[in-house]
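Asker: Assemble chain B onto chain A, guided by the hints.
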Amino acid sequence: SAVISQKPSRDICQRGTSLTIQCQVDSQVTMMFWYRQQPGQSLTLIATANQGSEATYESGFVIDKFPISRPNLTFSTLTVSNMSPEDSSIYLCSVDNGAFFGQGTRLTVV
Amino acid sequence: DQQVKQNSPSLSVQEGRISILNCDYTNSMFDYFLWYKKYPAEGPTFLISISSIKDKNEDGRFTVFLNKSAKHLSLHIVPSQPGDSAVYFCAAIGSNYKLTFGKGTLLTVNP
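Just so you know, the protein sequences line up as chains A and B, in that order.
Numbering of the first sequence is given in our numbering, commencing with residue 1 and proceeding in unit increments.
Numbering of the second sequence is given in our numbering, commencing with residue 111 and proceeding in unit increments.
Keep in mind the hints are simulated off the structure, nothing from the lab.
No more than 27 Å apart at the CA atoms, straight line, and that leaves these computed lysine-lysine pairs for BS3-like: (1) B:Lys-213 - A:Lys-65; (2) A:Lys-65 - B:Lys-208; (3) B:Lys-213 - A:Lys-7; (4) B:Lys-208 - A:Lys-7.
None of these values were measured; they are calculated from a predicted model.
So that you can see chain A by itself, here it is in the shape it has in the complex (with noise of 0.2 Å):
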């Protein structure tokens, strides 16, 4: 099993401004998974990122927008960049490809 620790868990943020969510497990993973659960839709991956190389992102998510670091095999950030109301999401981090997942940061762009 694996035990994440995602913060911060909410986080109320001017538009324009940048969010950073980090993500520590409690032990090496080789692939970690970022999710966003918009409201009222389902959980859409954004990336899968891989320590030592560069993330790889999903159909409809860039780089410029969703940066992400990985560091080490314990540990990954995602930034939600120039954000506006329409990133007002939940945003999630899983591993072992959605055996675990984070307890989720609930954003709000206001």
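Answerer: Just chain B, lined up with the frame of chain A:
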């Protein structure tokens, strides 16, 4: 185009009765299906899964049924308990190993 659909946004049942949560999919390449439970302010928790080579998988009070010809799966919870009240997500995996989720169904179990 939503490939995994949970057409019931909510479901309410009495404690002790059966809860049946439904999920339909459109992509015939999906070969593994999962159910997750999510409490408020928490991440989804894996509950139970089923491979496309099976039509039933059981784990305690939870049973998942798969009907491949109908592209339909269901989660049965028997007996339902108030602690089962949560949002339940159906998800599917295909050859790309990526999870595709439904929008979720809010289950409320009334004492």
